[in-house]
Amino acid sequence: QKEVEQNSGPLSVPEGAIASLNCTYSDRVSQSFFWYRQYSGKSPELIMSIYSNGDKEDGRFTAQLNKASQYVSLLIRDSQPSDSATYLCAVGVQGAQKLVFGQGTRLTINP
Amino acid sequence: DTEVTQTPKHLVMGMTNKKSLKCEQHMGHRAMYWYKQKAKKPPELMFVYSYEKLSINESVPSRFSPECPNSSLLNLHLHALQPEDSALYLCASSHPTSGGSYEQYFGPGTRLTVT
Numbered sequence: 693q694k695e696v697e698q699n700s701g702p703l704s705v706p707e708g709a710i711a712s713l714n715c716t717y718s719d720r721v722s723q724s725f726f727w728y729r730q731y732s733g734k735s736p737e738l739i740m741s742i743y744s745n746g747d748k749e750d751g752r753f754t755a756q757l758n759k760a761s762q763y764v765s766l767l768i769r770d771s772q773p774s775d776s777a778t779y780l781c782a783v784g785v786q787g788a789q790k791l792v793f794g795q796g797t798r799l800t801i802n803p
Numbered sequence: 108d109t110e111v112t113q114t115p116k117h118l119v120m121g122m123t124n125k126k127s128l129k130c131e132q133h134m135g136h137r138a139m140y141w142y143k144q145k146a147k148k149p150p151e152l153m154f155v156y157s158y159e160k161l162s163i164n165e166s167v168p169s170r171f172s173p174e175c176p177n178s179s180l181l182n183l184h185l186h187a188l189q190p191e192d193s194a195l196y197l198c199a200s201s202h203p204t205s206g207g208s209y210e211q212y213f214g215p216g217t218r219l220t221v222t
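Protein chains in written order, with this note's numbering: chain A, 693 to 803; chain B, 108 to 222.
FYI, nobody ran anything at the bench for these hints, they're computed from the structure.
Computed from a predicted model, the values in this text were never measured in an experiment.
Treat the hints with care, since some could be wrong.
Stated by the list, open to error - Within a straight-line C-alpha distance of at most 25 Å, the following computed DSS-like cross-link-like pairs (lysine-lysine) qualify:
no., chain 1, residue 1, chain 2, residue 2
1, B, Lys160, A, Lys790
2, B, Lys129, A, Lys734
3, B, Lys116, B, Lys148
4, A, Lys734, B, Lys126
As the list claims (entries may be wrong) - Short derived list, chain A residues pointing at chain B, Cβ under 7 Å:
no., residue
5, Ser735
6, Pro736
7, Ser741
8, Leu780
9, Gln789
10, Phe793
11, Gln795
12, Gly796
Cβ atoms here follow ideal geometry from the backbone N, Cα and C, with glycine treated the same way.
So that you can see chain A by itself, here it is in the shape it has in the complex (with noise of 0.2 Å):
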């Protein structure tokens, strides 16, 4: 059974709107969350850590934490062209030095 799993899209939103990425995990004793954004043929780019259940703000990303449910989100306002890349969700295990990675979701900005 996978630890992380996210849809693996493609998903397809219009330029302006909000693209909201989910992922879940099996693990309940992980606390701690992360957002990578990933270019195609580029390494990824930490965007987002979340530790505590509710909502945490960063310009126009929101990441969504809810323990009880062991779900994590992203959300993208006013999402751009340039917002177009895989996103990947990771869990910290193992007292959070290791991080289990889902497989990704790639995401498309229409313009």
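Add chain B to chain A, keeping to what the hints say.
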């Protein structure tokens, strides 16, 4: 500054060659990682060094040999690789936050092709 550097950017090697990948960070991070990433797949953890000691080895074949000479440098020595080892090799580093979590920052990667 959250910069992790990796050299070389690209590497082509034969199955009998010996080569090394290098990673460097100057952020004072005390944990460093090697990942392997195949196309359209997420990064796959290989090794973790914490305070210059190997703390996690994800059952990686011995043809991959990591080394951490000091807190800023991480090497991955390659020997007798197979074509299926061709991938993007990523280095990352992290430092515990006040909450005890590790935000990992990735380098640009080395694109390895084994012929």
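Okay, the hints, checked on the actual structure:
This hinted pair checks out: B/Lys160 and A/Lys790 have alpha carbons roughly 15 Å apart, not beyond 25 Å. For the hint pairing B/Lys129 with A/Lys734, the CA-to-CA distance comes to about 17 Å; that is within 25 Å, so the pair holds. Among the hinted pairs, B/Lys116 with B/Lys148 is consistent with the structure: their alpha-carbon atoms are about 20 Å apart, no more than 25 Å. At roughly 22 Å between alpha-carbon atoms, A/Lys734 and B/Lys126 fall within 25 Å of each other, so this suggested pair holds.
For A/Ser735, the shortest C-beta to C-beta distance to chain B is roughly 4 Å, which falls under 7 Å, so the interface hint holds. Given the 7 Å rule on beta carbons, the hint for A/Pro736 holds: about 5 Å separates it from the nearest Cβ of chain B. Annotation: A/Ser741 was flagged as interfacial toward chain B, and the flag holds, the nearest CB pair being 5 Å apart, inside 7 Å. For A/Leu780, the interface hint holds, the least distance from its beta-carbon to any beta-carbon of chain B being 6 Å, beneath 7 Å.
Checking A/Gln789 against chain B: minimum C-beta separation of about 6 Å stays under 7 Å; hint holds. For A/Phe793, the suggested interface contact is upheld, since its CB lies about 4 Å from the closest CB of chain B, less than 7 Å. Using the Cβ-Cβ criterion of 7 Å, the hint placing A/Gln795 at the interface with chain B is satisfied: the shortest such distance is roughly 6 Å. Satisfaction of the interface hint for A/Gly796 is found here, the shortest Cβ-Cβ separation to chain B being roughly 6 Å, below the 7 Å cut-off.
The structure meets every hint from the earlier list without exception.
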